Amino acid sequence: MTAHVRTLVLIWIALMALLGLTLGASFLPLGAFKPVVNVGIGFAKAALIFWFFMHLREVSGLIRLVAFAGAVGIIIMLALISSDYLTRHWLAAPL
Amino acid sequence: MSDQPAAHSPYAEPAQQREADLLGMYIFLVTEIMLFGGFLTAVYVVRVLHPEEASSAAKHLNLWLGSLNTAVLLTSSLAMALAVQLSREGKLRATSAWLCLTVVLGLVFLAIKSVEYYQEYAEGLMPLSDGMRPLSKPGEQLFFNFYLVGTGLHALHLTIGIILVSGLTRRVAHSETPLPRRAVTVEIVGLYWHLVDVVWVFIYPIFYLAR
Amino acid sequence: MTVGATLETPSERASYLRAGYSLRSWLTTTDHKRIAVLYLYAITAFFFIGGIAAALIRLDLATPGGDLLSNEGYNRAFTLHGVVMVWFFLIPSIPATFGNFLIPLMIGAQDLAFPRINLASWYLYVLAGLFTLYALIAGGVDTGWTFYTPLSTLFANGYVAAALLAVIIVGFSSIFTGMNFIVTVHKLRCPGMTWSRLPLFVWSLYATAMILVLATPVLTMLLILVCIERLSGIGIFNPDLGGDPLLYQHLFWFYSHPAVYIMVLPAFGVLSELVTAAARKRIFGYWFIAYSSVAIAVIGFLVWGHHMFVAGESTYASAVFSFLSIAVAVPSGIKVYNWIATLYKGSISLDPAFLFAMGFIGLFVIGGLTGLMLAMLAVDVHVHDTYFVVAHFHYIMVGGAVTAFFGALHFWWPKITGRMYNITWGRITAALIFLGFNLTFFPQFILGYLGMPRRYHVYPPEFQVLHVLSSAGASILAVGYLLPLIYLLYSLRHGQPAGSNPWGATGLEWTVPSPPPKQNFAEMPVVTRPPYDYPIRDPMSRE
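Residue numbers (the numbering used here), protein chains in the order written: chain A, 10 to 104; chain B, 71 to 281; chain C, 361 to 903.
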């Protein structure tokens, strides 16, 4: 087994472990933190897939920037839409 | 004879074309990220608006089948990654074997998903069966409908992936895609496959683990 | 060189236009120049369809009663006008025609990175256009181009699904174009064409492509959800079923605000080329203009909530969006200052392209300043959904983007066709468009401030004078838009052959014959000089 193949299998093991972790965490009484933890673990899995399976660690900085731009796009969408939905009850509109 | 194919116009060199192909595919993947990102943003809003209903609707999902499917898809990603690695080493038969496994695992995923859908239909959870009576509150029905739309769109993308990888398997097996000269083709298809996996990696916690 | 009606110059004989005469050679081409021409035909057709809708609107608004069109008919007219003008004219106009034609020439490449995907994007555009025409002929859509829910999902009559499908398909066309441009600019620049030597037109299209790629998929997803809701009754945007109509607006404007930058950034790029060529002077502040294009693309993603200030958005979010919307004006302002500084002490020639550029600067500044007014939450609360908003965006879109499109047309027409048109008619057109435009849209600012709502065709009689002025202006504007059709087409047969550089401008596209040969460059160019490498001439003399 070459070094490359070994790395890929190790990453797969890590992904399976994270799957087990997230499944287990869903049974814990984490309250409002549960979705944060689970999506966070999702991010960790996605990061591993991008970095190792999708070769982000090998490609040029340009392609990494492209992938990063996609992440930034989603973050902007979620953050600013939250600024509406999470603050709706803070102050009723004076109209 | 050179190791690289001749570049097509407008490229001057094959390496330039390979980089352009990779960049182009990555940009396409970013569009898919924004597509599903838009969808998941909508789901996020519904969860913020109706947290309890989302949780109770999620209890109707089959956690074990969903988790099994996640494992299946992650394994298919490993198979795909191995195929890409072997294609770079020029090993035709090994590459097509792993590509074949990728397709098989993709089909297994779809099969398990069909079983889930059938179960949900039998329980009266689908829009067309029994008016979704087990989901009494509107927020619950909405969350469940989002689950159907999301997994449906994902399954559509996965099916496209299966078709692409099947076509690639055949071409590699018949030496129509010379390796390692055209390894970039395997890599590009692999990128698409991995993205479909990444989308599921988010669908899984957002829907199945909302309970 | 003498020219008769049909005598061809040697460069015309060898050009891309002559490489195959059959319809099939055009419909299966992968030559970026031919695809650009195909797009030019298609968007011109849609411009006139959208223009006819505008004519109906202005005719109906000339009288206070709704006597030309029924209420439904009026709704369908402004919906058609919006859908066609936004997605089938403005968004593709400069990128798909001038971007496709010029980017490879400007960077010293033979074609775009993915020529077949380029052709595919044109076919997708045409397919989407057919869906739109179908929706129109079958009876039309009355939701407005914004397709707000729950009207579009629950109550609208008409062919909403067909219209949505059209927009989804044309979205893919946009995405392919954007992807092609980004890869082309990164990978196909000729030796010596560093980022610091790129024409600013290319920089602006690069920024546009970033938006095309990141924003359009969100619209695609949203419209798919609307189709699903309309056809199946699930309640994503229906409050009775747990949904939120404002969710639609958030996702819609997440795309549509960056979309307006898709429409205007290429116009900025055109301006940089027109201003430097007319003034025969290096651009002032190259990096300011280059980076401000990227800044507009990025900040443009942060401001969408300003469309929803009175829709029920939380006050805190509105305040944040208001602040960010004011910030986005800064890079645009920087560009305007730089263009004017470029003109200062330049040796300016008043060719038609430059007249359009001047018109752009004046009209865009008015549009931009009124945009700042609208960005202010306290002001917007009063003028939202009035004609003030309508006037604002028409100043930017028509006074800005369409004017720049016409400027580009008058500048690069000789390059694309190899023929020069009648300059005097070009100048007359520029003047007519400027006058007609202001007469059409300035009264609308006043109307909006006085309270005239948008999308209404019945109004109190005291508004009629302003409406009549506006409609009169629209008729002058229509003449201005029709004239080029005549003299530009005339030039194809009877115009003087244009040399490779009729305007004496810098840029690689002016170093090849007009029209260019199929493979663009006989040998790959090597760039050694900075961009806009004009000698600064004595302002008292002309070349």
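Check the hints yourself; a few may be wrong.
Straight-line C-alpha distance at most 30 Å; calculated DSBU-like pairs for lysine-lysine [unchecked claim]: (1) 183/B - 43/A; (2) 43/A - 129/B; (3) 183/B - 207/B; (4) 207/B - 129/B; (5) 43/A - 161/B; (6) 547/C - 878/C; (7) 129/B - 183/B.
Since the hints were made in silico from the structure, they are not lab data.
If you're wondering where the values come from, they're calculated on a predicted model, not measured in any experiment.
Q | Holds or violated: residue 207/B to residue 129/B, with C-alpha atoms at most 30 Å apart | A | With a Cα-Cα distance of about 14 Å, the restraint between residue 207/B and residue 129/B holds, given a limit of 30 Å.
**Q.** Restraint status (C-alpha distance of residue 43/A to residue 129/B at most 30 Å)
**A.** Holds. Residue 43/A to residue 129/B sits at ~15 Å (cutoff 30 Å).
**Q.** Restraint check for residue 43/A with residue 161/B, where alpha carbons must lie at most 30 Å apart
**A.** Given pair residue 43/A, residue 161/B is violated - Cα atoms ~45 Å apart, limit 30 Å.
Q | Satisfaction of hint between residue 43/A and residue 183/B, Cα-Cα up to 30 Å | A | holds (25 Å)
Q.
residue 183/B and residue 207/B were given as a pair; does the straight-line alpha-carbon distance stay at or below 30 Å?
A. holds (25 Å)
Q) Are the Cα atoms of residue 129/B and residue 183/B separated by 30 Å or less? A) holds (17 Å)
Q) Are residue 547/C and residue 878/C close enough, with their CA atoms no more than 30 Å apart? A) Measuring from Cα to Cα gives roughly 20 Å; hence the hint holds.
Violated hints amount to a single one, hint 5; each of the other numbered hints is respected by the structure.
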